[in-house]
Amino acid sequence: MKSKFLTDQPLRTSTDSWKEEESHKMSHILTLEKLESHLIKSKLMVGQENGILSSLDNEFPQSTRVGQNSSESMFNIPQNFNEYRQGYGYSNEAITSRNLNSRKENEDGVPAICQPTDYKETCEKSLASAKNTSDPKELIKVAFESTITDIKNAIKNTDLIKDAANDPTTKDALHTCEGLLDVSIDDLRRSFDKVGNFDINKIKDCTDDLKTWISASITYQETCLDAFQNTSGDTGEKMKKLLKTAGELTSNGLAMITSFGDMLTSMDIPGISRRLLANDYTSFVEDGSRRLLQVSSTKPNAVVALDGSGQFKTIKEALKGVPPKNIQPYVILIKAGEYKEIVDVPRGVTNVVFIGEGPTKTKITGNKNYADGTATFHTATVAVNGDGFVARDIGFENTAGAMKHQAVALRVSADKAVFYNCNIDGYQDTLYTHSYRQFYKDCSISGTIDFIFGDASAVFQNCKMIVRKPGNNQACMVTAQGRKDHRGVGAIVLRNCEIRAEPAFSSTQPPIKAYLGRPWKEYSRTIIMQTQIDAFIDPEGWAPWNGNFALNTLYYAEYQNRGPGANTDKRVKWAGYKRSISPQEAEKYAPNIFIDQDSWIKKTGISY
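So for the sequence shown, my numbering puts the first residue at 1; every next one is plus one.
Rather than coming from a laboratory, the hints here were simulated on the basis of the structure.
Don't be surprised by glycine CBs; every beta carbon is placed ideally from N, CA and C.
Heads up, a few of these hints could be off.
Using 30 Å as the maximum straight-line C-alpha spacing, the simulated DSS-like pairs for lysine-lysine come out as follows [unchecked claim]:
| hint | residue 1 | residue 2 |
| --- | --- | --- |
| 1 | K162 | K194 |
| 2 | K204 | K340 |
| 3 | K137 | K299 |
| 4 | K194 | K340 |
| 5 | K464 | K570 |
| 6 | K125 | K141 |
| 7 | K573 | K464 |
| 8 | K137 | K204 |
| 9 | K340 | K469 |
| 10 | K464 | K361 |
| 11 | K588 | K570 |
| 12 | K361 | K204 |
For each label pair, taking beta carbons as the anchor points, the in silico distance ranges come out as [claimed, not checked]:
| hint | residue 1 | residue 2 | range |
| --- | --- | --- | --- |
| 13 | A165 | G321 | 23 to 29 Å |
| 14 | A165 | N326 | 14 to 20 Å |
| 15 | A165 | P583 | 55 to 61 Å |
| 16 | K238 | E145 | 31 to 37 Å |
| 17 | Q509 | K241 | 47 to 53 Å |
| 18 | A165 | N197 | 40 to 46 Å |
| 19 | K361 | N546 | 53 to 59 Å |
| 20 | E145 | E317 | 37 to 43 Å |
| 21 | M403 | T149 | 30 to 36 Å |
| 22 | G471 | K361 | 26 to 32 Å |
| 23 | A535 | G321 | 28 to 34 Å |
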């Protein structure tokens, strides 16, 4: 029997090997030359001795790494790249000439690094102290530190503290805001750490993380300001002014990373181009489902049971056993029962897995609501703040009712969170997809007004969105996406879902208006594709938030939907609404591409 390494192909000659080696060398040279040319033109190679960003880290064991000397780049540059070029036929004169030209074209790094931003004056002012460097990494560090300083000053502002002392509602808002801004700072810090360790061989993974975290930093700042809505006095306006520069600086940071990432991925460089969907989407969904379906075979770390048959009677007690900075799945089995408790998975409590015994058997319920004096952000029955969270076969519910206004059943402020076969039930603001990357599969979400809202990159696959009967004189909106920055990564994506109404809604006379969504923030983004839309949805499809707000800047799209409510002939005529999009445009919002699930859902540690 032939070895699997043997073929019927002719034996390779030394000439063949030589040709292949030369072809390999030429491919690398062309790749590097192409990359260098783009970087020089875009003025991103500032102050580099060799003027090159290496995509060949493995070929340079002695390469300079970020953090090792003062002449380094924001990226990993091979110290011996001139020798590498010489080995491929470049003369010293040619190399010297190219290096001098590169330095000449990049003498002033501040305008170059600020070029893609929306707030150039703010950008250049923030970098005024960086007079002795043109290194992009150092410039970004200065910009980030300036942003962090601005946010810290806002938190410590004595006038705000005095204002808050005189009004309990304002005091609560300021306390909420302080916590949110602390997280905003944390996202900026981990973004900077990621920049310092940027790996050219993992461009998409690195830029996805950076864009997600910086977008989240913007979201947390915006959520801070939202906390002051309906408070007395002018404290909210004062905080808005204090955060103006910080918001502009954070937006600038997102612009820098987005510009650089887009440039590199558009070049189609071998080995570092972004993944495409092709046929991988179906296989991924099946694979992810298989992992989640079989997670019950994993021995739980903790068991919760109301009848005392487990280690704990409450979920909160079980969470106390999760190790700090946990990196392995910590499985908490929650037996059947109605758990009337407010559950918080804290930031830093990571890779927690909740497994129930069915979404109608294992239920976590609460009734906190805005009408009774709780801020929307804190009304959640379950709040997930720890990254890498997974939930399966559980119900999350807020029972406050239609007349209690905002009442969140589940808030997710965790990166790379997965929900499978879960019921999420409430009325107004049922599911708060607050920030980061989230994936929901085979879930049921019910509510009345804006019952899926937030600024996460949230994908819903094979889910049911059930519209419930609202209060008197209320209309229903399925979504209210809240993207603040036009470069932000947030969006609500419904794929192969069902949008239906409960019988109590359908039987009401006169009929109640219902819409696919409305724009909560200026750059609201929602995509509904390959989804069953029932007839109760108004023919216009979408509702305004307030007058003409965001109608020109939002991005709403429909693609290959079905059902009597999917007809787009009478849809709104807003500039930001897309009645239909191309397959290529729709593909951008497939899970493999939009939230790059392949790179993280398989790392949950759940066996199959």
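Fill in: Structure-inconsistent hints, enumerated in ascending order
1, 2, 3, 4, 12, 13, 14, 16, 19, 21 and 23
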